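Chemist: Given chain A, put chains B, C and D in place with the hints provided.
Number of protein chains: 4
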Amino acid sequence: MKRVAILGATGLVGQRFVQLLANHPYFEISALAASNMSAAKPYKEAVAWRLDTPIPENVMDMIVQECKPTFECDYVFSALPSDIAGPIEDEFINAGYTVFSNAASHRMDDNVPLVIPEVNYQHMSIVQSQHTNGKIITNPNCSTIGLVMALKPIADLFDIEEVHVVTMQALSGAGYPGVSSLDVVDNVYPYINGEEEKIMTESKKILGNLNNGSIKPALFDIFAQCNRVPVVDGHLLSVFVKTKKPADVEQIKGAINNFQPLKTFNLPSAPEHPLVYLSQKDTPQPRLHRNLGRGMTVSVGQLTQFSERSLRFLALVHNTIRGAAGCAILNAEMYETMRY
Amino acid sequence: MKRVAILGATGLVGQRFVQLLANHPYFEISALAASNMSAAKPYKEAVAWRLDTPIPENVMDMIVQECKPTFECDYVFSALPSDIAGPIEDEFINAGYTVFSNAASHRMDDNVPLVIPEVNYQHMSIVQSQHTNGKIITNPNCSTIGLVMALKPIADLFDIEEVHVVTMQALSGAGYPGVSSLDVVDNVYPYINGEEEKIMTESKKILGNLNNGSIKPALFDIFAQCNRVPVVDGHLLSVFVKTKKPADVEQIKGAINNFQPLKTFNLPSAPEHPLVYLSQKDTPQPRLHRNLGRGMTVSVGQLTQFSERSLRFLALVHNTIRGAAGCAILNAEMYETMRY
Amino acid sequence: MKRVAILGATGLVGQRFVQLLANHPYFEISALAASNMSAAKPYKEAVAWRLDTPIPENVMDMIVQECKPTFECDYVFSALPSDIAGPIEDEFINAGYTVFSNAASHRMDDNVPLVIPEVNYQHMSIVQSQHTNGKIITNPNCSTIGLVMALKPIADLFDIEEVHVVTMQALSGAGYPGVSSLDVVDNVYPYINGEEEKIMTESKKILGNLNNGSIKPALFDIFAQCNRVPVVDGHLLSVFVKTKKPADVEQIKGAINNFQPLKTFNLPSAPEHPLVYLSQKDTPQPRLHRNLGRGMTVSVGQLTQFSERSLRFLALVHNTIRGAAGCAILNAEMYETMRY
Amino acid sequence: MKRVAILGATGLVGQRFVQLLANHPYFEISALAASNMSAAKPYKEAVAWRLDTPIPENVMDMIVQECKPTFECDYVFSALPSDIAGPIEDEFINAGYTVFSNAASHRMDDNVPLVIPEVNYQHMSIVQSQHTNGKIITNPNCSTIGLVMALKPIADLFDIEEVHVVTMQALSGAGYPGVSSLDVVDNVYPYINGEEEKIMTESKKILGNLNNGSIKPALFDIFAQCNRVPVVDGHLLSVFVKTKKPADVEQIKGAINNFQPLKTFNLPSAPEHPLVYLSQKDTPQPRLHRNLGRGMTVSVGQLTQFSERSLRFLALVHNTIRGAAGCAILNAEMYETMRY
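Chains as they are written, first to last, in the numbering used here: chain A, 642 to 981; chain B, 642 to 981; chain C, 642 to 981; chain D, 642 to 981.
Because the hints were derived from the structure by calculation, they are not lab data. Since this is a predicted model, take the numbers as computed values, not measurements. Hints may be right or wrong, so weigh each one.
Pairs count within a copy or across copies, as identical chains cannot be separated in the list.
To be verified - Pairs of lysine-lysine residues, derived as DSSO-like cross-links and limited to a Cα-Cα distance of at most 27 Å, are as follows: (1) 709 / 845; (2) 709 / 776; (3) 709 / 886; (4) 685 / 845; (5) 894 / 776; (6) 904 / 894; (7) 709 / 643; (8) 643 / 885; (9) 922 / 685; (10) 643 / 776; (11) 894 / 685; (12) 922 / 845; (13) 845 / 857; (14) 682 / 894; (15) 685 / 643; (16) 894 / 922; (17) 643 / 904; (18) 643 / 845.
If we strip away everything but chain A, and leave its shape as in the complex, we get:
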């Protein structure tokens, strides 16, 4: 049993870490850390719990600590807001901790793995080129994770030339209190700060090639436009893809449903089906399908071919499970298994 700490444990992603790590077979929570405002309080008082399952009994009264590298633990999960994550994570790395971060700060750093295990767990090996006391492995932005997982079988089969993606993103992605109700009641809020940039840069790194211990980003054009919609959880992505080779829709559907790259690893958080193709004309839908595979399965639907190399589909990702805490935990499980 490895002891783990959670940085930013009171935020919405922090709450998901707490929820997903209750009764985890590899990891047990040994420390919860958050801002000074929360520190020294029992977790149940420090947190504005917004999940629909109760706070797990074992952390209810755990005293929240400051985000200082003084914990007794094996791994650190970082659910810190990106605007403050960088320096705090650096402190932990310098102090020798192994950090699995959901924050954006280090994602694009040269020797930092940016990993969705089902897509590019091989990239995790570049952690060996980190010449610091500790290590850091990151997972991508929540929208990027959904997009890249859905693109992976297409990329493998037919090569990608160009991607246009329009996102309809859930409220939980902005934390709590996050998005003002006045921006999403009888409205769509057509802007998410920094999100388009993240999608456009991260997806090329993840789909890039590992070459002599470094990642060479994939070469394709990608354009994103991001919107906030009044959905609690679940980012819906409307994606147009141009492939390099002539595409075949049935082949892609088959590849989606057979996509099981981690099968042999038996990781506890890995869903049986990381991708699932839904064949009804009006799917996927956030409320109905975000919890597939306990929130770890990305669902794809409405795959349509407009011309030989021109496709579109919809993809849905649970943004705080597969798109954040769940992906970080899966990274840690993979790391634990691979023992780099």
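Modeler: Chains B, C and D in isolation, oriented as in the chain A frame:
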């Protein structure tokens, strides 16, 4: 003063016709018609009024009639559902009425004008090739209207090669009761029957060329994906465009703000600015901008250039005013002015 | 293992029966029945599944039957719409079936038990006075269940003189498609047909006394006003109570948290805590608390005393679990245990 | 033409003042003031405008000032948040300004009028007992205004003994960003800080008697419970009333529709009908009826008599117009007319 009848007067678009025609300088409502279920009742009892202004006094007690060609009127506005509009409109045309239709049934017919006055009022002249007792002029689908108006300045300046559009459409577009609340609360409903097809075919006809009395559709690739979001009024469109010539963003913004092709006609329903460019990073928004120009102005924002010929923008159209009743009325005003 | 049939299996409450009966220790689904439109289709095609867990494997391909008393089964659950339930249920009763009904048709009939097991399971015995081939046991309306469960400890302690209740009810209570999205987006719809009447009559029967095999309704004044709000599941009730005896808030809170009248029966669907008092100032909330006790726990909060005999509180009930299918199943479990 | 200043001009209520005072026949805006963060910026840059009409041209570029008593103006409107309003308003009063305040700070002060002109304009005269350089007149809390206006005809006819009110309040009442979207999407948030207290104390003062220059509060019991619902504008109130005398529903409806106490004053912001009774079974509804009388009319519906002295009804008030800025402006118009 011309007398006008409204077919489908009890539906949401019919209600907009009633609202917009109250105190109209050219037209006065002389008949309201709807299904048998509504016929013979006073309008105020037949209608499930869902607009936020009261029913105009002058039609409150008007007795709703059946949709039979027996009215004393000069023009007929059709707000009928598309699945029944065709044959009913034919009866009126055969009986010698001039019909301005918001329904899809005849839009793509060869000698039927499909007109947004600011974009292609010249196409209205093909009505002369209709060898029927009466005439029919149609306006496009609500999403198409917003898309094509926003594309027009780009098409004029730089020629369009390809368009990808993702729509986030308002509930009123589906009528009342229309969309189930369970499909849009904590959800996005990612499908609208027939909508993608309409956008893809109609836009090419509207942007096509009038040639010897017939319309030659424009040649560009267009792909659409349509979603329903919990917004009362106002369709938001996220659009990627590839131009044939190298584009210039500032030139397009200028052309949008100076787009006033109907200026000399002084039509009562024509807004001063049919298009407006909003320069804030988070615009346009349905709730804030749908009523610009009394619902007749399409607002555009976030115009961004990804590469020389690759652009994206957002457009917003009030779907039941500019996108339906308002456009039909503007067509009638133009027809009245041109006297074909 | 008893075989059970579900009438109205394709509706939202029917779907909950299907979901809750998957892997039930006493009951297995042997027949699914619905309207002629659905009959003869596999369940997965007949149903517009709107729950966020997948359709259970074992019923996916079960052929939906008509609602005719021809099933091989031990018990029948009725999730029929109230406007058609009466005669159909009568057919089943006359044919000798034991029916557990969620429909309103027979609830107020003299010798029909109207039961929430935790409140009045003793009333179930009046089923013995039914001189029909089969039997019928009903559960109350969804709002009534939440109200009466929360009132029970107060009634026991201090006697109730008067109740005012304002409901804010979830969309799933009206079925699918049910409530129009245009009635609840940027709106509250302040009317639910027949609901106030049901709350006002049913609550007195449930809290009434069993006397020589018949129920004498409780005597108190009760006034209700019902609203539909854009919440998927979970009816929130704002309740004012006047008691006959001077009340004590702390005593009531204690009684709520210790309310375990079924403890000795070990019924599989009975939650450990049928009632729970939440002490935060802003609770209960539909999204956060409706799933407590797997949807079978009614949560109470904000209990406040205005004067000696004047109180108010909020109560929350999951309307399709505790308030419908779950209560009917619990009734069946109790019936099975008691073997009347 | 009187010059007016607006304190808190960038908030949602401040925006309503700006909107309602554009083209006002008595008043012209001579100064806009807000927090230090906004001061020295042009209004259009300082404000996060959230109304669906554009910012009026004449204030677009007005430079926002600090809230210091240095304006050249005749009247000051205060839209300040209640937690900071008190001392700032005091500074203006001491400096000799006449302040019309929407803030709670001074509402319950002994010699401060708390006025809804249609209900108790006579109370305004107690301003004469203010022995300060300037004066202050306040309007009630937004919910209180709707409640008291609807209660007034009942109080006049049959005397009120007890009131229970449950509110379903709009988001704009909490300002911007205000309520977190996560608290109201698929949820009702059952708590509004301080609101119940305000309703319970203010309503007695407003309905109290003016006696020798002071107000004697009305004597009745009033209990409130307040909820936030996902509605942009318009507070809906569900009210139970016990009267002292036997009540008559038809008399009350008549009194509501004939309620025109300000008729002879011809105040520009006074609606023709301050109250209107809506007779459909499902009215009033926030989205459909909040704008009646340009947002100044309170609509009442579903008046029902349970017993001789026991009634219930629903009332709807536009919370930022009649319930805030509009009421303050009406107070100023009345003050200007009465010239105390």
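Chemist: Going through the numbered hints above, which ones does this structure break? Give me the numbers in ascending order.
Modeler: 1, 3, 4, 5, 8, 18
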